[in-house]
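Quick note, the sequences are listed as chains H and Y, same order.
Under UniProt numbering, residues 1 to 660 are what the first sequence spells out, in order.
Under UniProt numbering, residues 1 to 660 are what the second sequence spells out, in order.
Quick caveat, the hints were computed from the structure, so don't treat them as lab data.
Hints are supplied without guarantee of correctness; some may be wrong.
Each pair may be met inside one copy or between any two copies, as identical chains are not told apart.
Lysine to any residue pairs mimicking SDA-like chemistry, simulated, CA-CA at most 20 Å apart [what the hints assert, rightly or not]:
1. K549 / P74
2. K512 / R99
3. K633 / V104
4. K633 / L175
5. K243 / E96
6. K411 / P453
7. K300 / Q481
8. K512 / Q611
9. K355 / S214
10. K107 / V629
11. K244 / R222
12. K512 / P647
Take a look at the letters that make up each chain.
2 protein chains.
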Amino acid sequence: MPLGQRVGDNSESRYCGVEIPFDEDIHTALAHNLAGGFDFVLAPLTDPQYRPSQNVPNTSTVPPFAGSDLVLSPAQWSSHVVGKISPWIDLDSSNEMMRADSEVTLKQELAWATHLSLQACLIPTPTPLSGGNYARSVNQSLQGLSNMQLWLRIPLVSPDLQEAEGTPNEDEVFLRRDLVTGRPLSDSWEWWNMFRTLCEHHSHLSVALDIMASLPSASAIRRWLGEPIKAAIVHTSAFLTNKKGYPCLSKRHQYLLSTLFDHSVQIVVSGDSLHHLDGMDLEPSIASNSNGYGEGLVSKHPLKLYLEYLSHLYRKLPPISDQERFEMGYRDFLQAPLQPLMENLEAQTYETFEKDTTKYIQYQKAVHAALLDRVSDTDASIKTIVLMVVGAGRGPLIRASLEAAKETGRKLRVYAVEKNPNAVVTLHSLVKLEGWQDTVTIISCDMRDWKAPERADILVSELLGSFGDNELSPECLDGAQRFLKDDGVSIPSEYTSFIAPITASKLHKDVKSYNDLAHFETAYVVKLHSVARLASPQPVFTFRHPKSKGDNKRFKKLIFEFPEDMGSALVHGFAGYFDSILYKDIHLGIEPSTATPNMFSWFAIFFPLRQPVYVPVGSVMEAHFWRCVGPTKVWYEWAVTAPSVSPIHNSNGRSYWVGL
Amino acid sequence: MPLGQRVGDNSESRYCGVEIPFDEDIHTALAHNLAGGFDFVLAPLTDPQYRPSQNVPNTSTVPPFAGSDLVLSPAQWSSHVVGKISPWIDLDSSNEMMRADSEVTLKQELAWATHLSLQACLIPTPTPLSGGNYARSVNQSLQGLSNMQLWLRIPLVSPDLQEAEGTPNEDEVFLRRDLVTGRPLSDSWEWWNMFRTLCEHHSHLSVALDIMASLPSASAIRRWLGEPIKAAIVHTSAFLTNKKGYPCLSKRHQYLLSTLFDHSVQIVVSGDSLHHLDGMDLEPSIASNSNGYGEGLVSKHPLKLYLEYLSHLYRKLPPISDQERFEMGYRDFLQAPLQPLMENLEAQTYETFEKDTTKYIQYQKAVHAALLDRVSDTDASIKTIVLMVVGAGRGPLIRASLEAAKETGRKLRVYAVEKNPNAVVTLHSLVKLEGWQDTVTIISCDMRDWKAPERADILVSELLGSFGDNELSPECLDGAQRFLKDDGVSIPSEYTSFIAPITASKLHKDVKSYNDLAHFETAYVVKLHSVARLASPQPVFTFRHPKSKGDNKRFKKLIFEFPEDMGSALVHGFAGYFDSILYKDIHLGIEPSTATPNMFSWFAIFFPLRQPVYVPVGSVMEAHFWRCVGPTKVWYEWAVTAPSVSPIHNSNGRSYWVGL
């Protein structure tokens, strides 16, 4: 039974599981837990006492290491059971027989789970940072998996840190490093990172986080959001007790769980019930009614109070807004950026962007302010301002400009320059419909070629891409500057791109799946969601219009520092944004700290790195971005030079460029 | 005129160049230097005063930035001129005009050099560790080069270390790091490494080392030997003065130069003459006769004393031995390892290996010792030892065994088991020819299948590959052990593989040129030459015969430490070797520290890494090797987990395996 219904939320986080011990009668065990309100069980597949080496040697008869597959239907196995690989296995043990037994057991159980068509198996936590042999064996199995996911169990806080929490040793434990290799030992993210790097970021390897009473810093949690977390195993020991004796979670735990819900992570409850309420077994509906978080469950499952609390948390999530629901379909989905000069937009694209009223309100404000600055009240009735919309599309900027003129009582003569002949058709019809014929002249021409009959006071354009200049606004406006008066203004007058390093395993996996170099050297438009923003965005390239001198090539070296308490992290690439100054204090942008609210015209841009870059705790990242301009195209190149050195991406624009 | 003639040496290190200043009349300058005994000049291509930005802006007339290409013939340009890109360029300058001028100049000069079909251009030293923009521009040019090499000029000792040498500051300077990124600043190898990593190890980018008076530690020099060094620019300031007033080099410099000669590095002399002898301009032949190192040059070139000294050093090199001459053709050349069980060797292969007399002398000694141990003098005439040669080939081990029997006066009954029916033909003929019919029985059979009529006292085999067990000696001898007496001995009785991390840019480049994953997950047999052995080899897998228990799977984790004074280095993969104990104290092997001398049957094995691993100064390398055994094949997997984590190579033997 899902935790609740949330309109628009189709993610798996609605489903809650429970970790159960080995049970020969899994049929009954499953029925009991489903009746108790859980959606699936995390269950061992074999008797924990079984050891392959106890078999008679040199015989080929393998005793039944598991029950029959017939005890559940195929649909039950795949929908309601996540396999749990025997936790006793230790492929990095110094005991040779233990290693051999472990490897046989791991392969046997994974083969059995595959036979049962399970969707996922939980594999045990590796020995901190020395799990090379374990990773090798899992990696071998991964090569053969077609559907099943492996969830590597990792404690969100390592046991030694949990133990040291609040003691004077805490800092020392946190900084503890392997004496030989210098690796941080107590940051469990490192265990995951080493394991998955050995397994080459295999798409079927994900992570299940154990959540106990102690939580790491917010930064340390945040870096996990770009990792492929499939499950969070919440232990009953993580719960506090409320005034009425019911289990509840700390504010920080609650915040973590709502974040996980938002990232499609499934919760699994684990451990014995630590909250026994008098009478709860007698009259369940009364007990659950009195806990304060909603409808009760009829079953007498020992963990039902925990489930109810989780259900309560889930149902407390804010409703999904229309914009979120619209964007949900685009989350973490790679889109090729536009080639606005080489290709014409389609009607549907115009339709979508024109709906972004916030954006045009900002433009209207900008034109408004510019008109007031250029024409005094006394001149309002005698002076006519020449305003040119360059790239008029189907007319939204004309409308915004005319509105601004009306608001201010200033007189306008508008030229609408548009290179797309299809949009021009619509423009003509709009002008006629609105009765703007006396004010607006439509020019069907590329602004870079147009021979204007007079020069403009104000040049209005909306040529910005997610990364500001990436749709060649600089080149277009340079071309239009010929017909701007010497004291004329451009709206926008300035724009700056921004960049920030992110963990984005999903995006990286998708880029990698193309299996070529070109896709790793391409920037993508993406609604970023399951990513970890590791450092604040920094400005990259700035363009100002009208331009006084210089070309449109740019070069920027950036140094990113990371929060001290974050620990280490993996950078899969960079999130790119822009901010623009339309006119004086009126800006428009998507850089997260200053983003214009309720705007949906732009998602972020994503620059991938061919090899993810490991950033050890305490180090900085140095990155280089270039904007290169050739006779027929503009492109970016990028590289990282600290903490390690990457190759330069997209040399000569060999993989990705925007045509002039 | 080459430095000298060395029989068998066809490398480019015979040719010596000279760095000259810009000369409008390059024709005369070249003639003068060739007459002076040099083979080529390292010469600027354009007037050092020229700056692109001094052109009249907005005109498309480019003034002649260089002389005509007609001043030299095409053959002269390409054979005798290495271009020197203007050293004033600085693409990482904070001055924008300087950056722009530098980029234009770099591209213009490289284009001009390409137009002249020069073989190489020397490009200036990058700003230590901040040459990102310079590297980007060079990398762009590299993408378009089809023939010309770019030599990045790097001082062997950074200027600040040269200055600090011998002062109390020396250590401090050596350890100096960038405050932000933590990179070591004074190790010039780091400058090269950052630059070439940004340029993605481009095959047309190599290094030219400046050699001055101070030299780094032997370890620091050694790591360069695996790098693509094309030239060493020896400055006149590097020379000392001998008792007679002539230039000479320190012992360490001499050793360095002979090493460079041996690695096909060309020498370029640079700088003003600092040794002026009275009368040397008057009567050159007398002057040069009296310097003590041989025939003089007739020209009056101001640097001729330096050239004569270098020629003297070159001619002092020890002559190339026959074995070296044989192996020279195989140096740094990747060979696919044998599939000895799946394929039969060819006659030529037998022929080559049989010539390795040293190897069979060791076998003869081993059989000799085993016979003395098994049969006392008193039993010598009555006891017959059953000796089985498993994998007899065309008979060399039969011969060695019979020789040992003759030496010791022991009686033998020999079974020669060979699976290759073609070799068996030759065996029969050999036995007849030598009259061994009463002693030797030939069995045409795979040793793993043979039903022996009796059991053996001694089992002799030569099944070892470069990495010991890599040609499946363990599996074969396990198969043969059925017919070895319980107290019987195997020759060899034990073997161990060894591994060491190496810099091997040439090998890595060759593997990369296949442009697929499989070649990066294959081990190759290679005569290693232009490689840097960064740490001592360590034992990996050991097998003993006869075997008491266990399987042939193996797993080893290795930790390599590097010399403290080496600095940082790049690891392209691992060199593999073996050592075997034939019998008691008689061993055979190629592990460098204990290698059997004068043996040529085995080259080393090379395990590549998909991405070269940067090892910062002071860190260790942790590597894992696995020997995996499946029903039909044996394979290795390998990975690095410190200082950084690599993916596991060759999972499931997907790329490289040896068939059973």
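These are the hints, each one checked on the structure:
Taking identical chains as interchangeable, the C-alpha atoms of K549 and P74 are never at most 20 Å apart, the minima being 71 Å within one chain and 42 Å between chains. Neither within a single protomer nor between protomers do K512 and R99 lie at most 20 Å apart by alpha-carbon distance, with minima of 33 Å and 35 Å respectively. When the C-alpha separation of K633 and V104 is checked against a cutoff of 20 Å, the pair qualifies only between copies, where the shortest distance is 18 Å, while the shortest distance within a copy is 57 Å. For the identical chains of this complex, K633 and L175 are neighbours neither inside a copy (49 Å) nor across copies (45 Å), given an alpha-carbon limit of 20 Å.
Taking the shortest alpha-carbon separations for K243 and E96, neither the intra-copy value of 52 Å nor the inter-copy value of 67 Å comes in at or below 20 Å. For the identical chains of this complex, K411 and P453 are intra-copy neighbours only, at 18 Å inside a copy versus 114 Å across copies, given an alpha-carbon limit of 20 Å. Taking the closest pair of Cα atoms, K300 and Q481 never come within 20 Å of each other, the shortest separation being 76 Å inside a single copy and 64 Å across copies. Taking the closest pair of Cα atoms, K512 and Q611 come within 20 Å of each other both inside a single copy (10 Å) and across two copies (16 Å).
Taking the shortest Cα distances, K355 and S214 never come within 20 Å of each other, neither inside one copy (46 Å) nor across copies (70 Å). Within a single copy, K107 and V629 get their C-alpha atoms only as close as 54 Å, which misses the 20 Å cut-off; across copies the closest is 15 Å, which meets it. In the homo-oligomer, the alpha carbons of K244 and R222 never lie at most 20 Å apart, since the shortest distance is 33 Å inside one protomer and 73 Å across protomers. In this assembly of identical chains, the alpha carbons of K512 and P647 lie at most 20 Å apart whether taken from the same copy (17 Å) or from different copies (15 Å).
Checked against the numbered hints listed earlier, the structure breaks hints 1, 2, 4, 5, 7, 9, 11; every other hint is satisfied.
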